Each structure stands twice: as structure tokens, then as C-alpha cells.
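The residues making up each chain are set out below.
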Amino acid sequence: MILENLRIALSAVRGNAMRSILTTLGIIIGVAAVIAVVSIVQGLNFLISSRLQGVGVTFIRVEARPDPFDPDLAGREVTLTYEDGLAVMDKVPTLRYFNPLFFRSERAGYGDRSLTVFLMGVGPYYQELNNHWVERGRFFSQLDLDRHAHVCMIGTSVIEELRLDSNPIGREITVGGGTFTVVGVMEKQGEVFGRDNDKLVLIPITTARDLYGERSFRQILLEFQAKTPEVVELAKDQITDVLRARHGLPEGTKNDFWVALQSELLETTGSILGTITWVIGAVVGIALVVGGIGIMNIMLVSVTERTREIGVRKAMGARRGDILVQFLIEAITLSLLGGIVGVLLGWGLGILGAKAIPGFPAAHVPLWAVGLGFGFAGLVGVISGTYPAYKAATLDPIDALRYE
Amino acid sequence: MLIEIRDLRKVYQMGTEEVRALDGVDLQVAAGEYLAIMGPSGSGKSTLMNLIGCLDTPSSGEYVLNGRRVSGLDDAELAHIRNKEIGFVFQTFNLLARTSALANVELPLIYGRVALKKRHLRARDALVQVGLGDRVRHTPSELSGGQRQRVAVARALVNRPSILLADEPTGNLDSRTSEEIMALFDELNRAGNTIVLVTHEEDIAHHAGRVIRLLDGRIVADQAQKRGGR
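Chains A and B, in that order, are what the protein sequence lines are. Numbered continuously in my numbering, the first sequence closes out at residue 404. Numbered continuously in my numbering, the second sequence closes out at residue 230.
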């Protein structure tokens with residue numbers, strides 16, 4: 001009987017192909033939006049958490065926060081220096097690693113080729129703190145730092161673009177004003193938001209300071225790793241105390257730096273993604289309501305058009321339940337077809353979106369999102385089909401047969 | 001008796017006015033009879049046909065069909081009786097468009113919950129019986145008026161009902177095709193089918209073995225007649 005009704009429904013939908021497509025447009029848009037948004041949000045989420053989670057919950061980042069509108073800081077130059085970091089490391093026992101981070105764009109050259117790279121001056125614990133490791137050769141040591149050595153680690157894209165050999169270890173490249181010996185190649189990171197993270201040159205922070213001078217080093221990033229997840233909050237307070245003392249901030253004033261924990265960094269991005277999801281969710285809800293009204297409307301038209309048919313079916317022995325199920329299945333079929341088209345369309349949009357944003361991970365549509373899309377579509381079908389189906393089922397057979 | 005009707009009444013409320021569509025009808029029809037119901041429009045013949053066909057329920061009175069008291073049954077039970085006991089043939093054929101002759105004939109079997117394979121066989125048999133064995137895949141739009149009415153007759157017969165109930169079955173057909181359809185009815189009656197025919201054409205009523213005439217909701221004549229036509 002269900003199969004029979006499905007056949008009837010499909011032939012009714014086929015018989016009014018254009019009308020069916022227009023009717024299900026609302027459902028198609030709604031479901032496509034669900035799928036596209038979920039796939040893109042999932043991608044973003046994956047992207048951001050994979051960047052941050054590799055580092056772990058013990059990660060702490062300190063930034064200088066020069067706020068031109070803060071009266072407490074007005075007229076003062078905000079600083080955050082390598083020495084600040086060393087002092088924190090010296091005085092805070094809950095920390096395991098410290099890495100200073102200075103960065104800027106710079107030209108790198110080899111032979112007659114040159115390239116703009118992302119130059120970072122870092123400490124020996126860069127790898128641990130950024131979960132980004134040397135792949136070939138070696139990372140530099142405390143000794144390199146102490147000697148202000150002209151050695152560097154490079155990213156894979158630098159090898160390609162500068163046409164260094166397959167084994168670039170030992171080659172000398174120019175970076176900014178200096179010449180550096182390549183001692184290691186960093187593992188590939190890929191692109192994020194269109195930025196190639198492998199156009200990278202790492203040099204000792206001390207060498208960078210020689211190269212760019214004290215002025216450039218008044219504000220750098222400081223990265224720390226706490227010894228255990230339990231002491232992260234304590235470490236944050238201790239770092240704050242040390243830095244406030246070093247910066248001579250009087251009681252009651254605001255910090256001129258920002259100590260960010262990984263959980264906070266994740267929360268920020270998570271809440272942005274959450275907001276996006278809710279806004280789109282509301283749009284989807286409206287599209288589905290409109291789609292549902294469209295289906296109810298067309299089902300009412302269909303019931304009126306087929307009043308005669310309903311009369312004939314009743315004369316042939318169809319019960320109210322048979323007619324009810326027939327039209328309900330037709331409504332659900334209509335909305336599920338819309339759901340199928342919507343899923344495919346949304347998937348396509350997700351893939352296109354992922355392609356359009358370089359470095360975005362390949363679109364991934366989780367099964368639950370497809371299920372959600374179909375579930376919504378089916379639900380809309382049931383809700384919007386019930387009234388027309390009830391109307392059809394309760395038609396008087398004589399009136400229905402007489403209907404012109 | 002196949003049909004036993006006693007003092008059947010049907011009253012409609014038209015605004016403030018009461019319309020007595022049927023005003024105390026008594027009627028007995030034996031199995032195998034060929035009965036024509038005649039009367040001018042408004043005489044109540046459509047109402048009587050709807051009641052016999054279990055499409056409607058009477059205001060009062062008794063209707064016993066094939067030993068079962070029909071007056072007072074609910075919608076689902078009436079649907080069941082329509083499915084098993086009644087085969088309808090309409091003036092406008094009332095076939096489902098864009099649906100093959102076979103699928104149209106299968107309709108009563110679907111609602112009778114007959115299994116798919118059996119359904120196909122029985123529907124095909126019924127189409128063969130009305131002379132359309134070579135037209136099973138055709139849709140109504142590919143068939144002539146006479147052929148369409150034959151499909152409708154096959155559909156009415158397929159569940160082997162107690163009564164074949166035909167409402168002006170030739171009303172939309174030309175006279176030659178009408179004769180063909182009436183010959184088919186004659187043949188079906190000879191094979192033992194009970195036929196109740198509603199018509200206002202004397203020519204058509206002439207095929208029946210018995211004619212009742214209605215006027216203002218009452219039977220005013222009930223006569224056996226020598227069968228004409230052929």
C-alpha cells in the first residue's frame with residue numbers, strides 16, 4: 001500500500017514537473033543552506049582547532065596591547081621584550097618552555113632568484129610551543145642563540161621557489177641584509193586562508209635583533225608552555241604579576257599586555273562560529289517555513305484539482321485513511337525530493353566555497369547534517385501535508401464525484 | 001433477495017427548506033436481475049443510486065444488501081462494502097488520467113488489499129472479458145470513448161461485485177458505441193451479473209428486464225418488460 005502510494009505520488013510529481021520544482025524551491029534553498037553552512041563551518045572549525053589544538057591546553061601567549069584610547073596608557077610606549085620573557089621564565093616556576101617570537105616580511109635570495117618570505121626570529125623551543133618540527137637537518141640550539149649565529153631553518157616552499165637543491169642543508173641564502181646557512185628544513189604546514197605557511201625562514205632571535213635593531217624589538221610575542229594543564233591559570237596570574245612589576249604598572253591600572261590562554265583563543269573563534277551558525281540557522285528556518293507553506297499551498301491545489309479522482313477512489317473502496325496516506329506521502333515525497341536536490345546543491349556550494357578560499361580543507365559534510373537536512377525536509381512535508389491530506393480524506397464521495 | 005429496501009427516506013436541508021429527495025421507497029431486487037431506474041431530473045433517482053451504491057447514508061429506513069444491513073454503517077465499513085459488493089460505471093467514465101488501462105482496472109483490487117501478482121492477472125482477465133485484452137498498456141487519452149467505458153466496466157467487474165451500478169453509462173457516447181456498451185451489459189447480465197442502471201433514455205432502459213420509475217422521491221411504476229435490444 002505504501003509502495004502503491006509512493007508510485008502515485010511520484011507520477012503526480014512527474015506529471016507536474018515544473019510546478020513541483022518551483023514548489024520545492026523553499027525546501028531546496030533551506031536544505032542547501034544547512035548543508036553548505038555546516039560544511040563550511042566544519043571546515044573553519046577544523047582549520048582553527050587543528051592550528052590551536054596541536055599546541056595543547058598548556059599554551060599561553062602574551063601580546064603587547066597598546067591601547068591608544070586607554071587613559072592609563074596614554075603617552076606611554078607599550079613594550080614587551082625578549083628580556084620580559086626571560087624574566088618571566090626565571091621567576092615563574094610553573095612554566096616549562098618559553099619562546100620569543102619576532103616576525104616580519106623579508107626578501108630572501110639564492111643565486112639570481114628571490115622571494116618574499118615570512119621571517120621569524122625565535123628561540124630554541126619554537127618547535128615544542130608551536131607543534132611545528134624540523135623535518136630534515138637540525139633545529140638551532142641555545143649555542144646558536146648565544147653566538148648570534150647566522151643559521152636558519154626554511155619552509156618547503158622556500159626550497160621550491162629559490163630552486164635550492166633537493167637537499168638544501170649547508171646552502172647559504174640571503175635574508176634581509178644577512179647571509180644565512182641553512183641548517184634545517186621545517187615540516188610542511190600547508191596554506192591557511194590563502195597564506196602559504198611554508199614560505200618561512202626561522203633565525204635565532206638574537207641574530208634577528210642584531211639585524212633589525214633594538215627599536216624593532218620593543219614589541220614581540222612571547223609564548224609559554226605551562227608544566228601541566230592544572231597550573232595554567234596560576235601561571236597566567238604569575239606571568240601577569242611579573243610583567244606588571246617589570247613594566248612598573250601602579251596598583252589599579254590596567255595591564256599593558258594580554259595574557260591569552262589557548263582555551264580563550266578557542267572560545268573566541270568558537271563563539272564567532274556559533275553566532276554564524278545561529279544566524280544562518282534562522283535564515284534556514286525561515287526558508288523551510290516558506291517552503292512548507294509552498295508545499296501546503298500546492299497540495300491544497302492538488303487536492304482541489306483531483307477532487308474527482310478522490311471521489312472515484314472512494315467509490316472503488318478507498319477508506320479515509322487510504323486517501324490521507326496517499327496525499328501525505330505525496331507531500332513528503334515532494335519535500336524529500338526538494339531535500340535531495342538541496343543536499344546535492346548544498347554539497348556543491350560547500351565544495352565551491354572550500355575551493356574559493358585557498359587553504360581551506362576539502363568540504364566535509366557530516367552524515368548528521370545530511371540527516372538533519374532530510375529530517376527537516378520530511379518534517380516540513382508531514383506538517384504542511386497534513387491539512388490538505390485531511391481535507392482530501394474527509395471529502396464527501398458524492399460531492400467529489402460530482403465535482404466539475 | 002440481493003437488495004431489500006424498506007421505507008427508505010433521504011431528507012436534505014437546503015437553507016430553511018427541507019428537500020425530500022427520497023420519500024419512502026420500497027424495493028426488492030433479486031440476484032441476476034437487470035433493473036433500470038428512470039425518472040426526470042429531481043425525481044430522486046441519483047439519490048437512490050447513491051444509497052444503493054453505499055456512497056450515502058439514508059435519513060431513515062432499512063437497506064439490506066446481500067444479507068447485510070447497510071444503513072447505519074460507518075465510513076470504513078461502507079468503503080469496504082463499496083469495494084466488495086458494488087461495481088460503479090459512471091457517465092463520464094472517471095478513469096484516472098495518465099494511468100494505464102491495467103492500472104485503472106487494478107484500483108479496486110488495491111483497496112481490496114489484493115497482492116500485486118494476483119492483481120495484474122485479475123485486471124488483465126477483466127480487460128480481456130470486455131474485449132480490451134490488446135489495450136492494457138494504453139492510457140485513457142489513447143483510447144476511444146467506447147473503449148474508455150469498457151475499461152470502466154472492466155474496473156467495475158474486477159472485484160466480482162454483487163451489483164453492477166451504472167449511472168447513465170451511455171450519456172457521453174454516440175448511438176453506435178452506446179449500442180456496443182449496452183450489448184456488453186446484456187452479455188454480462190446473461191452471465192449472471194446483477195445490473196442496476198440509471199438512465200433517462202427509454203432506448204437504454206429497454207435493455208433491462210424490469211423498469212422502475214421515480215417521481216418526487218417515490219416509486220410510481222415498477223414493471224417487468226420483455227427485453228429488447230441485442
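For the record, the hints were derived by calculation from the structure and aren't laboratory data. From a predicted model like this one, the values you see are computed outputs, not experimental measurements. Backbone N, C-alpha and C fix where the C-beta goes; we use that ideal spot for every residue, glycine too. Careful: at least some of the hints might be erroneous.
To be verified - Computed Cβ-Cβ distance ranges for the label pairs, DEER-style:
hint: 1; chain 1: B; residue 1: 118; chain 2: A; residue 2: 396; range: 44 to 50 Å
hint: 2; chain 1: A; residue 1: 273; chain 2: B; residue 2: 118; range: 56 to 62 Å
hint: 3; chain 1: A; residue 1: 289; chain 2: B; residue 2: 20; range: 48 to 54 Å
hint: 4; chain 1: A; residue 1: 290; chain 2: B; residue 2: 138; range: 22 to 28 Å
Hint-by-hint comparison with the structure:
Look at residue 118 (chain B) against residue 396 (chain A): about 32 Å separates their beta carbons, and that is not inside 44 to 50 Å. Roughly 59 Å separates the CB atoms of residue 273 (chain A) and residue 118 (chain B), a value that falls within the hinted 56 to 62 Å. Range check, residue 289 (chain A) to residue 20 (chain B): Cβ separation about 50 Å, and the 48 to 54 Å hint holds. Between residue 290 (chain A) and residue 138 (chain B) the C-beta distance comes to about 41 Å, which lies outside the given range of 22 to 28 Å.
Of the numbered hints stated above, those contradicted by the structure are hints 1 and 4, listed in ascending order.
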